[in-house]
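Knowing the structure of chain C, use the given hints to seat chain Y on it.
Protein chains in written order, with our numbering: chain C, 6 to 150; chain Y, 6 to 150.
There could be a bad hint or two in this list.
It does not matter which identical chain is used: a pair holds within one copy or between any two.
Below, in silico cross-link-like pairs of lysine-lysine (DSS-like), each with a Cα-Cα straight-line distance of 27 Å or less [said to hold, decoys possible]: (1) K74 to K10; (2) K10 to K115; (3) K38 to K8; (4) K7 to K88.
Simulated from the structure, these hints should not be mistaken for laboratory data.
2 protein chains.
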Amino acid sequence: MKKAKIISHGENHSAINLGQFDSLMEHSYLHPKLHKEIEGKVFAGEILGTTGAEISFQTLPPYEDISFKHQHHNNEEIYIFLKGSGQFQVDNDLFDVSEGSVIRVSPSGKRTYRNTSDKPLIFICIQAKANSLDGYFIEDGFRVI
Amino acid sequence: MKKAKIISHGENHSAINLGQFDSLMEHSYLHPKLHKEIEGKVFAGEILGTTGAEISFQTLPPYEDISFKHQHHNNEEIYIFLKGSGQFQVDNDLFDVSEGSVIRVSPSGKRTYRNTSDKPLIFICIQAKANSLDGYFIEDGFRVI
Numbered sequence: 006m007k008k009a010k011i012i013s014h015g016e017n018h019s020a021i022n023l024g025q026f027d028s029l030m031e032h033s034y035l036h037p038k039l040h041k042e043i044e045g046k047v048f049a050g051e052i053l054g055t056t057g058a059e060i061s062f063q064t065l066p067p068y069e070d071i072s073f074k075h076q077h078h079n080n081e082e083i084y085i086f087l088k089g090s091g092q093f094q095v096d097n098d099l100f101d102v103s104e105g106s107v108i109r110v111s112p113s114g115k116r117t118y119r120n121t122s123d124k125p126l127i128f129i130c131i132q133a134k135a136n137s138l139d140g141y142f143i144e145d146g147f148r149v150i
Numbered sequence: 006m007k008k009a010k011i012i013s014h015g016e017n018h019s020a021i022n023l024g025q026f027d028s029l030m031e032h033s034y035l036h037p038k039l040h041k042e043i044e045g046k047v048f049a050g051e052i053l054g055t056t057g058a059e060i061s062f063q064t065l066p067p068y069e070d071i072s073f074k075h076q077h078h079n080n081e082e083i084y085i086f087l088k089g090s091g092q093f094q095v096d097n098d099l100f101d102v103s104e105g106s107v108i109r110v111s112p113s114g115k116r117t118y119r120n121t122s123d124k125p126l127i128f129i130c131i132q133a134k135a136n137s138l139d140g141y142f143i144e145d146g147f148r149v150i
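Chain C extracted, bound-state conformation (with noise of 0.2 Å):
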């Protein structure tokens, strides 16, 4: 299976390149209690040794979709799709989504999706802890030469 390319690593950074996103069924990962392989996802945050928040890619294949909802304890998500067109369930709300669909979820929404498309559905997952975030953002930024 293809593997994160580590294009750049310092003192301040790390980088990796995953590829076009149309390829990411190539990736795989190895579920920690399943210890099984799961095609199309790739969870960059222990790769890139994030502390802020974690990153995955996922990629959910034609019609398929996620056989039960889920919660967090501690984490927000945000999902961003990026390809293919699919449904979003938080609680009792169903919506659609497609490229540029950007959603926040609480730790106690119960979420779920799937694929209604031909095509795979491809999205990124972001976990960082609720009410983690001090201050506004801009703010946190500045200068330097």
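Quick look at chain Y alone, frame taken from chain C:
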């Protein structure tokens, strides 16, 4: 200018659609310090009400660069490149980026980037507080009916 379309909102979630990423330049953002309309950028955190991460969608026009480097006080950044090609620099390390490049930068990393092509460079930037993520990500989620 185009605005993010709200597609769903509930107690535990909010969802928007930004449209095709190739049309990101149709969006704009009023910079709170510069009091200037910046084209090709959407800061989605405020629209979605995120509490764990800020997420922005950005476009750098052909051959443009950011004329300065920046650091952060508290937030780690993750950049995800969606389209186009360019160069990214952290401290003294310079490397190429294109679709599928994912970069973690620590708060103190001095970062900048440029578009080296004749197409728009389209990317996502996530900010989350460094060292805020507790425990291993997969332990945070649990199935419900």
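Structure-based check of each hint:
1. K74 to K10: between (32 Å within a copy, 26 Å between copies)
2. K10 to K115: between (34 Å within a copy, 23 Å between copies)
3. K38 to K8: Within one copy only: 21 Å inside, 42 Å across.
4. K7 to K88: both (20 Å within a copy, 21 Å between copies)
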